[in-house]
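Trainee: So the sequence lines, in the order shown, correspond to chains H and A.
Reading the first sequence from the start, the letters are residues 7 to 923 in the numbering used here.
Reading the second sequence from the start, the letters are residues 966 to 1088 in the numbering used here.
Bear in mind the hints are in silico, worked out from the structure with no lab data behind them.
C-beta: ideal position from N, C-alpha, C; glycine also.
Honestly, I wouldn't trust all of these hints.
[Stated by the list, open to error] Result set (DMTMM-like, lysine to aspartate or glutamate): computed pairs, CA atoms no more than 25 Å apart in a straight line:
(1) K991(A) / D583(H)
(2) K970(A) / E712(H)
(3) K689(H) / E1059(A)
(4) K604(H) / D583(H)
[What the hints assert, rightly or not] Partner residues aside, some chain A positions facing chain H, computed with beta carbon under 8 Å:
(5) E978
(6) N980
(7) I981
(8) F987
(9) L988
(10) R990
(11) N992
(12) R1010
(13) A1051
(14) P1073
(15) F1074
(16) T1076
(17) S1078
Read off the chains here:
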Amino acid sequence: MINSWVLILISVAYWILLFVVGYLAEKHAVKGKGLSNNPYIYSLSLAVYCTAWTFFGSVGKVRTGGFDFLAVYLGPTLFMPIGWLVLRKIIRICKAQRITTIADFISSRYGKNVSLASVVTVFIFLGIIPYISLQLKAISESFDILTQTGVTVEPLHNKGIALLQDTAFMMAVGMALFAVLFGTRRIETTERHEGMVAAIAFESIVKLLAFFAVGLFVCYYVFNGMDDIFTQALDVEALRNLFVVPQEHGYANWFWISFLSAMAVFFLPRQFQVAVVENVDEKHLSKAAWLFPLYLLLINIFVLPIAFGGQLLFPSSGADSDYFVLDIPLLYNQNALALLVFIGGYAAATGMIIVESIALSTMFSNHLVIPLLLANKTLSEKFRDNLSNIIIQSRRLGIVFILTAAYFYYHLLSSSYSLVSIGLISFVSVAQLMPAMIGGIFWKKGNKLGALSGLVAGFCIWFYTLVLPSLSGSWLPLESFIHHGPFGIEWLKPNALFGLQGFSPIVHSMLWSLLVNMGLYVGLSLFTKQSVADANQAELFVDVTKYASVMESASIWKGTANIPDIRSLLANFLGSDRTNQALNSFAQRNQLVLDENKADPKLVYYAERVLSGIIGSASARIMVASTVKEEEVKIDELLDILKESQQMMRLNKELKRKTDELEKARFDLMEVNQQLLEQDALKDDFLTTVTHELRTPITSIRAFSEILHDNEDIDNESRQQYLQIIIKETERISRLITQVLDLEKYDSGKQKLQAEWVSLQTLIQQVLQSVEQLLRDRNIEVQLHIDASVPNVWVDEDKMQQVLVNLLSNAIKYTENELIIRLYVKNTSTSEAYWTIEVEDNGVGIEKEYEELVFEKFYQAKDQNIRKPKGSGLGLAISRRIVELHEGTLTLAPKEGKGARFCLCVPLENKSELPTN
Amino acid sequence: MNKAKKILLADDEPNILLSLDFLMRKNGFEVFIARNGTEAMEIIRKEKLDAAVLDIMMPDIDGYQICSFIKSKSTYSHCKVLFLSAKSKESDIEKGFEAGADAYMTKPFSTRSLLLKVQELLA
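If we strip away everything but chain A, and leave its shape as in the complex, we get (with noise of 0.2 Å):
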């Protein structure tokens, strides 16, 4: 067996994050939760993650901020992000691409498209 993907998840939603964690986790993830911006950075920092899933709005720093500063370096830049937002118009997607997604989702989501998709990046 492969070792065990690693993953963060970070909204400031707690429900949101207790749902993802559970689909990840029972999908063989290893998983990372961040309630908030700050959070997430130190886990990218810390852990050499596979895939993030990013809310973009959250408390102190939003989603296309953090998904910029992975793809900026080339550290973490093999990290694939997906955006989990319920900003749905065109230009909020746009700019998400722009900050160098490589997926955009959103809420309310299907879980099984979730898990597809990281997969499938993943892949």
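With the rest of the complex left out, here is chain H (with noise of 0.2 Å):
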């Protein structure tokens, strides 16, 4: 037995530590980087999971269910390596909209909906409170257990309600002190609590230090290990059928209490609170996913040993289970491990007490409070400059207020309820929140009245199944309602809700609530319309890290406002100092101007975000709605935008259009530049050949006049032979200078022709007269087909017998002896009626691939290094020219048997086109 003032001691000496630890960790956090910047604080603080429950209520439970316990420790276990991602979106979304509780979270979602807020927040409250009185009792009665004798005795809570010999109401008054002190100091909720994450932290491991202590010393003080407590637990009967799975149900059992567990390690509000709102880093997370899990295992590796230990020792007594822990370091009177077991417990119960005191409060002061002051005119005028202190007193009632209807629920509840069973009633109505937390984040069609609905249904029948048949008891006599329903409708039996029998009560709620509040979620969000700002939120929620960059901007808002009013509005809450210290940072980050009295929608924007780390998004919302003149943003806005859009898209359409435009035109120009390049090219390629075609003779006229110059003695012969070359050579360099400013004449247009009626047969004749000789020296048979009724044609006699010397010479230079000459007139009498001559040869012919390029200036010119023309190679390309101006056509004509045909049409209608002088 242990003097009730030295466990009081010790209480308040604990108490002192915790602040101590808290405040050095505040203390630090001020300097620079706070001690709860890191993963392994982070991890520990999610341990605030255990609770009295774990440290007492596991042990107990495995009397009545053997390995039933663990579910509660495996469903976190497996869900966390894979749900730190859903955490991980959900801390972000968080982060981006300021959001500090769960309810908060929910309303946010929905279209910052204040009804939905409140409702989350009365039923988490419904909700938690048997959770907190089980803290209670937990803290309580280990108290009793300590101060009366070494064995266990029936609790002292039915004794009447003398509050102040009250162990659980001293319990209450101290917890609902020290949270007040730790959790409402400030009223900014976003702002971390780093002395409270310390102290859970340091909590977590003084609970663990506790239990791994009593479990080292029942395992090997009092029995000789693991296997000597399983041995002998295994030759008693009742222990033996522990070690097994009940048949019936008893996996499903197993699965649904683990599955309730990872829905409640995400959702209890104090969870929310250590893994969302007080998360530094999301990296801190991954190493959280294995972290935590091994914290579970660690606290739970001497459950076993403990429960069956405590059964053996206390086999026949009505020993309260929950309480071996404490009954067997007394029972082999260790009074100072009993001690720090007590400091074990009391470190689980409040720690989890603290954390969702804070976050329970908040969700009080900002969704229920605020609310119903703002709702309410002649209030919120009362309050209007005292808000900050409004809400930090109605913070710390509802500390009080929570702790009181806990204190009230433990002393209703009949000692017939184990810790564990009254844990699990808060936990099915804490999964109440799963389809609207997942469907939110995951599914933009999740509308507000699909999670209301949802919502409500669930917990009523939450409330109908687990919490009524709890409180039945001498005051409220429900026996008969439990056992046959009401008025005797079985089906409508509490704990076999539609006949549903089998499962645990806490699985039958749990199914029935889920059903029904996902059915509604889902049925009534594919049914019925979102409002738009419910749709703005869930684009936000959804797309999280769409947005997260862009937050500060995305706002579909409209509405007129003024800086002082917003200004006004903040400094209620922050202080003037701390106001102007924001607005001035966010508008040197925008770029605004804060002298001007409209404030712009970012501004407005920003400052109810600051007010939702405050206040809750809600109530934010309508803070500001009073301060700023706001019009709803209409679906056909909404449209108009979107229509505002469009019309860019086609404007871009446009634009792409006059682009490609644009992009041809250049094509066009680089196409015409190039050509430009080719004729310059051309050009340059002229000039090249024509000066290589003077060069040759001005080298054979050098070399001799210098051979003759130099050599007097030369013989007359060779003199006059030289002297030859040098007039031939002479006379080469004159033709060629005369054809290529021909040809320049013709290139250039300047050339005209002097058109007269001319008889063609005689042309022919004239032309084979001035070639005669050279057809006699080379031996060539002339054959002429001359049509006689050829008319006399309207041409340029001059140059049309250039152009038949020009064909005539060639073929005499290449024919090998035979020349042949047609005359005829195609198409007669049509307007498309020409006249031809041909001049064919049999000589080497012309390649096919050169048919064209014979008639180009130079038309060696391309590999230049072997083919040299005979002649200037200017002839042909004077000759066509000559013949285009004469509207025809001068071609090469295909030829049976070796060599070429050329063949020069004109038509017999161009008498009008021709230029007359």
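Two chains, two frames, a set of hints: combine them into the complex.
Mentor: This is how it looks when you write it as structure tokens:
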């Protein structure tokens, strides 16, 4: 037995220690890097999951459920490695939207709806109260056990309410004080509670160490190791059965309890507080994903040995197996160890109560008190200048209220409920948040009506199937109601709704409540319309990664606001210094001018978010709306915005078309430029060729002139020959120059024709006469096929003669021994009638690939190393230009056998086109 | 007296060949005439030439190819090669030296300079 004063002193000392830890951590945090900016501290703070329920209750659960207790830890363990991704998304959303509680999260997701936040808050309150009362029960009972005799006695709580003697009451008061001092010093809840987190992490270590100590004590002091305990337990019939999972529904219960716990580890308000709100760096999550399950494993290692050991030690007494951890050390008179265990359990309970009450009191002030205040005009006028004080006071009030309610619930509950079953009642209530939460971050269509209906229905079923039966007692006789249903209607029995039997009450309740909850959420979301605000938030939540960076500017908002109004609104909560600081830095970030009277929508949105961190998003919405003359964004306005963007798209298309046109023009220009460059290159080639053609005769002339000059003794014959060469080469040069100039005239269009009526028959005869000598020299036979009926034609006689001479002399140069000349008219008496002269030889002919090239000036220009023109290389080019001036064509015609056939065609009806002088 | 130096004159312009032939004979060379690349190659293979004056533009095998051939075979490479061409662009001249030419002169040429150059190459 331990003196109760000693115990109280130790409790107070422990409180002081906690304060010191918290205070040091906060001081550290102010100086620079916070202690809580550490994945280990973060993981340890998550272990606030393990409460007095774990510390005392797990052992107790073994007596009735064997391995059942493990399911509560298996769920989080299995879920954590995958669930941290979900958690990360929630953290990102909360950071972007400055969300501080789970109720805020849900209301914010579904269009910042006030009623939704209030409903969630009320339900969570109701849901969590049994859980807190569980902690009070555990502490007060452990206190009583230590201060009584060594062996367990009946708990004292039925003695009637003598408050000052009631340990539970004293504990509740102490806790309230502690929570008030720790949690409600600052109003901006997005700011982290560094001290609290450090204290919670510290408590997690304390409870683990205490549990380990008693575990080792039982295993190695009382018994001879774990083997010994299990071997002995197997000899006892009652204990042997605990090793087996019950046949019917045993596994199903296991599965559902695991599932339930996985939900709880996410959605319990205190878990949300430490895992999301207090999270400094989302990277810590990946470490916590294995550290937290490891913690759960460690704290559960000794549960079975202690439970079996306890039952072996206290086989028949009605000892409350929840408190074996205390009973065993006391049985062996190990008071120090018992004290340590007491502190461990105390740590487990206080940790939970502190965090839970901070989270709940924030919800209380933000989602119940402030909306009520804002809704009532006289009240809000009255407290307008004192809002921050109101918030703090209401939070304190909230803490007191919660603990009072928990205290009364504790008293209402008979001792028939074990710690674990009370805790699970809370779990089922919290699980109701799952559809709205998970749906909210992954499903854009989920809407407010669905969420609200699902939640209300789920909570009602929970209350009906779990809470109501638990309240049954002497003051509220519900026996017949529970066993036979209301008014004797069997299928409405709370523990067998619609005849569903065989599951434990917890699983039964969870299945029904969640089924109805999800059904309503999904069904109503699918079949009812989402409001604009709802859709907007859905977009921001589900695609949080997309919007996180643009959150400051992303707002569909219309209205006017004055900066002084916004300023004074914020100053009510932050004080004027911090308000100025916040506004200035925001203005600087976004390049806004604060001197103007009109506030930028971005600024209004920012103010709303700052307020959200203090009073929750829904209340912040209302506060800002009261200062701002706001027009609701209607669907058609949204459509206008859409239309505008469509117009933008049309404009873009237009622009694209223009760009394409420009691109095409650019391409055309490039092509022209390319042609010019090619022409330039041609001109270059032409010049090179001309100079080369000039060089060759000049070379001969120079060489022979020098020879003649230097060799006076040269014989006469040679001298004559050399002089002859010089003269010939000079002529060659003159001819070349004339032709080049001619060609230039044709190319530039300066050359004009002097047309007259000419007889082609006569013209051909004249040309033949002029080359007669050449024909005779080479012994060439000429065949003439002249159509005498060909009329006189309108041509420039000299030019046409030049063409014919050129064609004939080429033919003479290349033919072997034959020359054919034809003259005829084709398509007589039609408008397309034309006359033709053909000149054909039987020489080497012209290869196909050169057919066109021969008409180019110096056609051999390509591959100049090898080919050299015979003659100037300009004759055919000039001839073709002359024929073209007569609107005719000069081409190479296909020819059977060897040789070439040039074909000259000119329309008969060309006279009107020809210039006459 | 030394034995007369053997010189190849290759050009497809008869008048130029005529003048070169006169010039070289007059100055004591044993002259071989080629009107195109093919003839030039035959002479190169047959005669142990001391020098070759090559035109570049010839109807079958161009002067660059002939020069490269001469300079790539140790049997012929002692033969001095002088290009005599109407091609006067910098790039053409470079190409000539790349082919291994010992000298490059452009047309129209001075008979005296040409003679001096040939004598200098053979000195």
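Trainee: Against each hint, give a clear statement of whether it holds in the structure.
Mentor: Status of each hint after checking the structure:
no.	hint	result
1	K991(A) / D583(H)	114 Å, violated
2	K970(A) / E712(H)	23 Å, holds
3	K689(H) / E1059(A)	24 Å, holds
4	K604(H) / D583(H)	21 Å, holds
5	E978	6 Å, holds
6	N980	4 Å, holds
7	I981	6 Å, holds
8	F987	6 Å, holds
9	L988	7 Å, holds
10	R990	11 Å, violated
11	N992	11 Å, violated
12	R1010	21 Å, violated
13	A1051	4 Å, holds
14	P1073	4 Å, holds
15	F1074	7 Å, holds
16	T1076	4 Å, holds
17	S1078	10 Å, violated
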